[in-house]
Amino acid sequence: MLLVAGISLWLLLNKPEAAKTESLVQYSIDFGMTDFKMTVMDINGKPSRVITGETLYHYPENDRTEIFTPNTLFISPENNDWIIESDHAETQGEGENILLTGNVIITNKDRPEIQLLTEVLNLDTVNNTAYTDQPVTMKSPHGNTHSVGFHAALQEETINLHSRVRGQYNAPPVN
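In the working numbering, the protein residues as written are 5 to 179.
No lab work stands behind these hints, which were simulated from the structure alone. Some clues are possibly wrong.
[As the list claims (entries may be wrong)] The calculated lysine-lysine pairs, modelled on DSS-like cross-linking and capped at a C-alpha distance of 27 Å, are:
1. Lys113 to Lys50
2. Lys41 to Lys113
3. Lys143 to Lys113
Hey, can you work out the whole structure from these sequences and the hints?
Next up, the structure:
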């Protein structure tokens, strides 16, 4: 009886695992572009963004667009244009929300000496806001500021640094 119980226990513990079924989703590219320049119009038919990049792919299965080495100029009616570049960008649908990753750099077109640097940036193109919860460095001619996370309103030119803010500011020389 003990032998039968031992064999039964051994069979239970050593039973072969059921074959794992992995649902592999294959995405197809319905269109792509290389070394491209694309202008996005606002609802009034005026340019709101000019996007350039190395490669763009669109996947129809989930309406996802992927861009490698994107550089985007956000055009403002008040001539307060911003440039955002990164290694990679991804969005779905109409592109209202864009996730930028890898070497993200934000600059004002007219003041390129001031830069915001991070590795991940969420961009809301409807409200012209950008945010991240990742480390951020703000570089300027008079010093650098570091924080973890920020929220920026691009039109209003306001930046809210979230936490662990530290920096050094060197006052400009008085002439």
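So, going through the hints one by one against the coordinates:
no., hint, result
1, Lys113 to Lys50, "holds, 19 Å"
2, Lys41 to Lys113, "holds, 18 Å"
3, Lys143 to Lys113, "holds, 15 Å"
Going through the hint list in order, the structure satisfies each hint without exception.
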